[in-house]
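**Student:** Input sequences plus hints: build the corresponding full structure.
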Amino acid sequence: MNSSGPTYPLASLYVGDLHPDVTEAMLYQKFSPAGPIMSIRVCRDIITRRSLGYAYINFQQPADAECALDTMNYDVIKGRPIRIMWSHRDPGLRKSGVGNIFIKNMDESIDNKALYDTFSAFGNILSCKVCWPLQVSQRKGGRVWLQSSEVH
Numbered sequence: 001m002n003s004s005g006p007t008y009p010l011a012s013l014y015v016g017d018l019h020p021d022v023t024e025a026m027l028y029q030k031f032s033p034a035g036p037i038m039s040i041r042v043c044r045d046i047i048t049r050r051s052l053g054y055a056y057i058n059f060q061q062p063a064d065a066e067c068a069l070d071t072m073n074y075d076v077i078k079g080r081p082i083r084i085m086w087s088h089r090d091p092g093l094r095k096s097g098v099g100n101i102f103i104k105n106m107d108e109s110i111d112n113k114a115l116y117d118t119f120s121a122f123g124n125i126l127s128c129k130v131c132w133p134l135q136v137s138q139r140k141g142g143r144v145w146l147q148s149s150e151v152h
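Residue numbers for the sequence shown follow full-length UniProt numbering, so the first one is 1 and each next one is one higher.
Worth flagging that the hints you see were computed from the coordinates, not collected in a lab. Among the hints, erroneous ones may be present.
Stated by the list, open to error - Taking lysine to any residue and the SDA-like style, the derived pairs with C-alpha atoms no more than 25 Å apart in a straight line are:
#1 Lys129 to Phe102
#2 Lys113 to Tyr54
#3 Lys104 to Arg139
#4 Lys140 to Arg80
#5 Lys129 to Leu52
#6 Lys78 to Arg49
#7 Lys78 to Cys67
#8 Lys113 to Gly35
#9 Lys129 to His19
#10 Lys113 to Glu66
#11 Lys113 to Asp75
#12 Lys129 to Tyr54
#13 Lys113 to Asp17
#14 Lys140 to Phe119
**Tutor:** Written as structure tokens, this is what we have:
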């Protein structure tokens, strides 16, 4: 039994790159047209209660979560495009490295959506993120995590 509470393995979405002022109510308004929602949690700093920039949305039905992922990924809330992925709570799966692709020296015009659109032709994307350089002299890169190491 999981002591951290109930899990929704097939109907739970991670929503990232949130503006700090985005609330659960805003996310409910945005995502409820996709289907009935069981819970929404914007993750916050334990002391300051400021948003950490991401949330979890648990739908009643996996098909509704998939609809939200397919139709709302990179939609804009409070001036920022949101990034939606399936929630994967298995640390072994995340740390295995299977299906991970790292890209270096990307053109400045590439954003999260362009990276996602480019690599979605090669399989189901679990996670996709542009990584900004720490130094001005470096070019940005990206990370794509495909469900399988087998390219379609």
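**Student:** Can you list which hints this structure breaks, lowest number first?
**Tutor:** Per hint list: zero violations.
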